[in-house]
Amino acid sequence: MAKPDEIIHQSLRLRIMAALYAARYGEPIEFGRLKALIEATDGNLGSHLATLEGAGYLRLEKDFVGKKPRTRAAITSAGSAAFLEHTSYLRGLIDSANL
Amino acid sequence: MITEREAAESLRDVERVSRRTHVAGAYAVASPHLILWGLVWVVGYAGSGLTAPEQWGWVWLPCIVVGSIGSTILGRRTAGAAAGAAGVKNPTARSLLMALIIMLFIGSVYLVFKPTSPLPYLIFPALVMGLTYALIGTFGLLRFTWIGAGIFVAVMLGYLLAPALMPFWIAAAGGGGLILGGVWMRTI
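Protein chains in written order, with this note's numbering: chain A, 1 to 99; chain B, 1001 to 1188.
Hints may contain errors.
[What the hints assert, rightly or not] Derived SDA-like pairs (lysine to any residue); straight-line CA-CA distance at most 25 Å: (1) A:K3 with B:E1006; (2) A:K35 with A:K62; (3) A:K3 with B:E1015; (4) A:K35 with A:A55; (5) A:K35 with B:T1116.
Please keep in mind that the hints were generated in silico from the structure rather than gathered at the bench.
All values derive from a computational prediction rather than experimental measurement.
Full structure from sequences and hints, please.
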C-alpha cells in the first residue's frame, strides 16, 4: 500500500514535482519556465524548491548564461520514486472510495 | 488526512501540469526548426522571385540540403529534450521520414495534375506545409494549428489578391510566419 508524502502533498510542491517528473529525460527546467508551467502566482517558489531540495527530491543547478544568473531544477531518482509513491497513494484513495 | 476530494483535485493538478510540461517541451524542440525552415523559405521563395521558373530547382536544391543538414544537427542537439518532451524516440529520423513522404506526395500530385503555369509549383508546397502544421496541432499542440492555418490563409490571400507577387509574398508571409511561430514557441 502506497503512503502519502507530506512534503510533496502541498499543492505547489506537487505541481513542481509533476513538472520535473514530466521533464525527467530532458534538460533541467529553468526557474522562470518552471514558474510558468506550474502557474505559480505567489513568490514562494524559491522556498518550496529549497524544501524539496532539502528532502533530496530535486537538485538545483546554478550557473551563468553570459552575465545573467540562471537556476535550473531537475528531479532526482529519490524524487521520482517519492512522486510515484504519492500519486499512487492518491489514486488508491480514490479507488478505495469508489468501491 | 487527505480526503478523496483533495486527492482527486491533486491528481487533476498533476495531469494538467504534466500535459503543459510535455507540450512546452515539444514547442521548445520545434522552435529552432521552425526558425531554420522560415529562413529557408525566405531565401528559397525570394530566390524564386528573382529567377526564371526553369532555375527554381537550382534555387531550392541548396536550400533544402542546408535545411535538412541544419535540422539533423538541431535534432541531435535536442534529442534528449525531445524524448523528455513527448516520449518521442529518434525525432530526427521521424522528421526526415515525414519530409520525404511530403515531398513524394507533392511530386506525385505534380505528376498527376501536370500544372500548366509556374505558380502552382510555388503555392502547392506552401499549402501542404500549412496543412501539415495544422494537422500536427490536432495532437494537442495547438500553436502548430495556428501557425499552419496562418500560413494557409496568407498563401491563399496572396494567390487571390496579388498572384504576380507570390514568391515574395510567400517569402515574407510564409517564411516570416514560420520564424515568428518559432519565436512564439519559446514563450512558454
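Each hint, compared with the structure:
| no. | hint | result |
| --- | --- | --- |
| 1 | A:K3 with B:E1006 | 15 Å, holds |
| 2 | A:K35 with A:K62 | 16 Å, holds |
| 3 | A:K3 with B:E1015 | 20 Å, holds |
| 4 | A:K35 with A:A55 | 20 Å, holds |
| 5 | A:K35 with B:T1116 | 55 Å, violated |
Hint 5 alone, counting from the list given before, is not met by this structure.
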